[in-house]
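Engineer: Chain by chain, the residues:
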Amino acid sequence: METSRDHQPAIEFRNVSYALNGHSILQNLSLQIQRGETLVLLGRSGSGKTTALKLINHLLQPTAGEIFVDDRSTRDWDVIRLRRMIGYVIQEVGLFPHFTVERNVALVPTIENWAAERIHQRVQELLRLVGLDPQIAARYPRQLSGGQRQRVGVARALAADPPILLMDEPFGALDPLTRAELQKEFLGLQERLSKTIVFVTHDFREALRVGTRIALLEAGRLVTVQPQAEFLASKEPLVMAYKNAFDGNPVMGRGEP
Amino acid sequence: MNLWQFMLQNQAEVLRLTGEHLWLVGVSTFIAVLIGIPLGILITRWPILNKPVLGSANIIQTIPSLALFGFLLPAPWIGARADRLAILALTLYALLPVIRNTYAGIKGVDPAILEAGRGMGLTDRQLLVQVELPLSLGVIIAGVRVATVISVGLATIAAAIGAGGLGEYIFRGLAMVNNAVILAGAIPAAALALLADFTLGWLEKRLQPR
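Chains A and B, in that order, give the protein sequences.
Using the numbering used here, the first residue of the first sequence is number 1, and each one after it goes up by one.
Using the numbering used here, the first residue of the second sequence is number 258, and each one after it goes up by one.
Extracted from the complex, chain A is given alone in its bound form:
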């Protein structure tokens, strides 16, 4: 059953600018992110892609314009409530080193006062979901490999079943093989969970692989935003430049092995 709500974008940027110490980082960004899509913010370092992401969960406040999450401006949201309905995965993972895997994954359910038994079951379920042996729950983050830590980070972000997921170069620090593996699993997860996902990367191929739509940012401005196939065929000079930079490395399309 569809309600009118389903046609509203999950996240909307309206003429958003962000400046730090008078230095402009994001300029007049307008962008709608639909429910259930994976929007990739692609750009080189300093393009403003991470800034855009942090504006969504209000880790940063826009200097101009507004961001709407579920039709409500982030200025009007109770910021704690807002963040608890948005899963957040960063490159450095940010697992708590003094918590076991279980307590790390259980973080949001615990502060939301779920019953202990429900939390325990949810942790087991999530670890399996991200392809980890539930036995790992008693270990500490330092006892895990980089790929395992990153999976735990994803499990933690999914713990309270948030409708929105923000991912900031989640696979950036991994070796190419592990990265390819996690990208593949990510596609599987995305298909099963149908979350609204905003995915930040500087990797052109990763963008094509995971995104349903790709927004290209350069020096704080939105260059273009297009569905994956159109983006690949785009004649936009900057897109061509990215494509050329990856020449000689055949670009894999979304869903291909």
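Calculated from the structure, these hints are not laboratory results.
Cβ coordinates follow ideal geometry from the N, Cα and C atoms, glycine included.
Please note: incorrect hints may appear among the correct ones.
When the alpha-carbon atoms are kept at most 20 Å apart in a straight line, the in silico EDC-like pairs for lysine to aspartate or glutamate are as follows [to be verified]:
no.: 1; chain 1: A; residue 1: K54; chain 2: B; residue 2: D381
no.: 2; chain 1: A; residue 1: K54; chain 2: B; residue 2: E372
no.: 3; chain 1: B; residue 1: K364; chain 2: A; residue 2: E92
no.: 4; chain 1: A; residue 1: K184; chain 2: A; residue 2: E37
no.: 5; chain 1: A; residue 1: K195; chain 2: A; residue 2: E125
no.: 6; chain 1: A; residue 1: K195; chain 2: A; residue 2: E37
no.: 7; chain 1: A; residue 1: K54; chain 2: B; residue 2: D367
With the C-beta cut set under 7 Å, the calculated list includes, among others, these residues of chain A facing chain B [claimed, not checked]:
no.: 8; residue: N57
no.: 9; residue: L59
no.: 10; residue: V108
Restraint ranges, calculated between C-beta atoms of paired labels, are given here [stated by the list, open to error]:
no.: 11; chain 1: A; residue 1: R72; chain 2: B; residue 2: P368; range: 26 to 36 Å
no.: 12; chain 1: A; residue 1: N113; chain 2: B; residue 2: P368; range: 24 to 34 Å
no.: 13; chain 1: B; residue 1: G283; chain 2: A; residue 2: R192; range: 51 to 61 Å
no.: 14; chain 1: A; residue 1: L193; chain 2: B; residue 2: G365; range: 35 to 45 Å
no.: 15; chain 1: B; residue 1: G312; chain 2: A; residue 2: L187; range: 54 to 64 Å
no.: 16; chain 1: A; residue 1: A19; chain 2: B; residue 2: A332; range: 51 to 61 Å
no.: 17; chain 1: B; residue 1: L451; chain 2: A; residue 2: H23; range: 50 to 60 Å
Given the structure of chain A, go ahead and fit chain B onto it with the hints provided.
Structural biologist: For chain B alone, coordinates are given in the frame of chain A:
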């Protein structure tokens, strides 16, 4: 009379003075922790207070201990008894390492961990109690350790104002020009300092984030 004979003959007094010494150091360090840790936390939240708080604690450290005892003498209630005076002075000296290490410990927590915590909707209080304090506990204990070891040494001077402690033997020995009596105060004091250093060092290692 050599040192061991003196200490054996005055066993009861050695124990009493050691007890007094421990009392002075223990109470003052405890109060310094009670005040210093919250102050250290406070200046991570309000950076504007950083310079005044650390600056004041620094200035107190530069006051010679005998002079500080003298300055505090006219204070009401405190000045009425020598042990209160000594405890206040020792507390003031112990503040700087405790405040500074609390501040440094919290500031040293990996920003990625804080960002992840904040991004998942932890309140500032939850972040402090569940993340920042546990992760900086080792550094905070290291500050308490430094404060305690300094206090054990400083507390010998408290005998000069009649607050007791092992300093009594040191001052008495100096007056009598008797090394055995000086050592009867100095050696137990040194042993206390080493013991405190070892115990808190062990605790520090145990509480280090894994």
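Engineer: Would you mind marking each hint as holding or not holding in the structure?
Structural biologist: Right, here's what the structure says about each hint:
no.: 1; hint: K54(A) - D381(B); in the structure: holds, 18 Å
no.: 2; hint: K54(A) - E372(B); in the structure: holds, 10 Å
no.: 3; hint: K364(B) - E92(A); in the structure: holds, 18 Å
no.: 4; hint: K184(A) - E37(A); in the structure: holds, 17 Å
no.: 5; hint: K195(A) - E125(A); in the structure: holds, 17 Å
no.: 6; hint: K195(A) - E37(A); in the structure: holds, 7 Å
no.: 7; hint: K54(A) - D367(B); in the structure: holds, 18 Å
no.: 8; hint: N57; in the structure: holds, 6 Å
no.: 9; hint: L59; in the structure: holds, 6 Å
no.: 10; hint: V108; in the structure: holds, 6 Å
no.: 11; hint: R72(A) - P368(B): 26 to 36 Å; in the structure: holds, 29 Å
no.: 12; hint: N113(A) - P368(B): 24 to 34 Å; in the structure: holds, 28 Å
no.: 13; hint: G283(B) - R192(A): 51 to 61 Å; in the structure: holds, 60 Å
no.: 14; hint: L193(A) - G365(B): 35 to 45 Å; in the structure: holds, 37 Å
no.: 15; hint: G312(B) - L187(A): 54 to 64 Å; in the structure: holds, 56 Å
no.: 16; hint: A19(A) - A332(B): 51 to 61 Å; in the structure: holds, 53 Å
no.: 17; hint: L451(B) - H23(A): 50 to 60 Å; in the structure: holds, 54 Å
No hint from the list above goes unmet by this structure.
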